[in-house]
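Peer 1: Please construct the entire structure, taking both the sequences and the accompanying hints into account.
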Amino acid sequence: MNLCFLSTNITSFVTDPLSHEFMRKALLMSSLVAAVCGFLSSYLTLKGWALMGDAVSHSVMPGVVVAYALGLPFSLGAFIFGVGSVALIGFVKQKSRVKEDTVIGLVFTGFFALGIVLVSKIKSNIDLHSILFGSPLGISLSDVKQTVFISLLVVMLLSVFRKDLILYCFDPRHAKTVGINVLFLHYLLLTCLSLAAVVGLQTVGIVLVVAMLITPGATAYLLTDRFDNMTIIAVISAIISSVFGIYLSFWFDLETGGSIVLVQTFIFLFAFLFAPRYGIFKFKKLFSNY
Amino acid sequence: MDKLNYKSYRIEAENICVDYHGKVALYDANLRLKAGQICGLVGMNGAGKTTFFNALTGFVNISKGKIRINGESLKIAQQDQAIAYVPQSEGIDCQFPVSVWDVVMMGRYGSMNILRSPRESDIQAVKDAIDRVDLMELSSIPIGNLSGGQRKRTFLARAIAQRASILLLDEPFAGVDIRTEKLISELFIQFKNEGKTILLSTHDMIHVREFCDLVLLINKTVVAYGETSEVFTPENITSTFGGMSPDVSFGPES
Ligand SMILES: Nc1ncnc2c1ncn2[C@@H]1O[C@H](COP(=O)(O)OP(=O)(O)OP(=O)(O)O)[C@@H](O)[C@H]1O
Ligand SMILES: [Mg+2]
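Here the protein sequences line up with chains X and U, keeping their order.
Counted from 1, the first sequence has number 56 at position 57 by numbering that gives the first Met the number 0; the numbering is strictly sequential.
Counted from 1, the second sequence has number 101 at position 102 by numbering that gives the first Met the number 0; the numbering is strictly sequential.
Hints listed in this document are in silico derivations from the structure and should not be mistaken for laboratory results.
These numbers come from a predicted model, not from an experiment.
Please note that a few of the clues may not be correct.
Straight-line C-alpha distance at most 30 Å; calculated BS3-like pairs for lysine-lysine [stated by the list, open to error]: (1) X:Lys144 x X:Lys24; (2) X:Lys94 x U:Lys65; (3) X:Lys98 x U:Lys219; (4) U:Lys74 x X:Lys94; (5) X:Lys92 x U:Lys181; (6) U:Lys74 x U:Lys126; (7) X:Lys46 x U:Lys191; (8) X:Lys46 x U:Lys22; (9) U:Lys63 x X:Lys94; (10) U:Lys22 x X:Lys98; (11) X:Lys92 x U:Lys65; (12) U:Lys22 x X:Lys92.
Peer 2: Okay, structure coming up:
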């Protein structure tokens, strides 16, 4: 009897939110975005581009504001500023003796500040809160179209150039010696990073989007020694996090973006503690080698 | 005639200079190598050995001078798969999640289609290469689980799989045991007989005497260059190492 009650409870825990149109859309879109960011995260964590991810995602802020003000697709503005920040970082680094991480920090905070100032100046219907912290529950139809298009583009680029990008992250010098265009791959990865940041910021917002771009990859890195498996694990853990995060936020009335990232962080912690080979408590004997 | 003369050199570096953000690491360096020659690159830590390799692989831009590979520009040489490079172990992330097979296959990428999907011939080349360095049993192991010497052999196999005519090896003997050392030096002799050109850096003077036809002593610039028997003298070595004579090198005279 009790058991029966419990099971209906659990079923309604899962199904109730699905009766809302906005929840179904949020779950679908967030999963898509999470999958794309998770896919990319396996490259970024291996390349050591966490800070770069943070920089790009913050730098898109003024682009989003300007695009909204001009009535352009927000992804366009975001992309231009994302790529622009990267170009500027490269330029300043080359022309001055300031160290790279300093340049990165300097440029992205500058862009971010510009974005905040712009929001306060352009009194339009821009919702600062949803830009900063995401609003997966309020995605509009045009946002859906943009997100789907960009997601497919990123997945396609990452798939076509998959092996070259792995080589680029692993040993760019060898890539160069065998005649592969390393500069192209560098900018390709940066472009994908900007695009993923653009779609990611809708679900978790500018402040937390970097988590979508590195945490799944870092989790997967603890669990496997194969790049292919790493990508699969990263994508799956990212999707689980966003679905679970959205449910949590629905039932307990939590900030959605924060919930998603928090679940990701918990999954990472779990891997950090219990990963068979690289966790703190190694359960090597329980699992096979890899 | 002039052109033909050019062609007879596999590697030709003329007065090359490299600086990192204005700090000079290598200047006025010259090198000419032909087919079937093995040249040892000797110098102390920070002398610019890796920098020399960086210049020859095009990984850093030279600020002055000229590099010709088979009489052509570096770019063409890269596209022709003329140069294979075996990195110093410090230069790579050995925790990267790829297997021995994956790494050796990377040697074939330059001659594959854009998706880098291996053909039968690529698979065969990879198998042969792994076989030559005696790593067949370990071919599916992630490189993070290999010993330093096994990792060295993996990268050597990648160079073999590439089937380049020029091999550049940055400290191929660092941290390997006697068995691997023997395997690698035997491979070098085979490469030489196959007509490959080899430039390798090493801190081990015995190896230089053993199988290097030529030796290039550097300390930010060329201290001495020529036939090993003529150039590899205690005086030259002492001046290369800034007045210090590395005594290990002059144990039993051969
Ligand atoms: N990427 C870099 N950026 C700045 N300086 C560098 C860089 N790489 C090398 N250098 C500097 O150039 C000089 C030559 O370094 P290089 O790595 O070529 O020496 P090496 O002969 O290979 O030494 P080792 O025997 O330790 O490998 C050193 O003083 C080093 O500090
Ligand atoms: Mg070196």
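Peer 1: Kindly indicate which numbered hints from before are broken by the structure, ordering the numbers from low to high.
Peer 2: 5, 7
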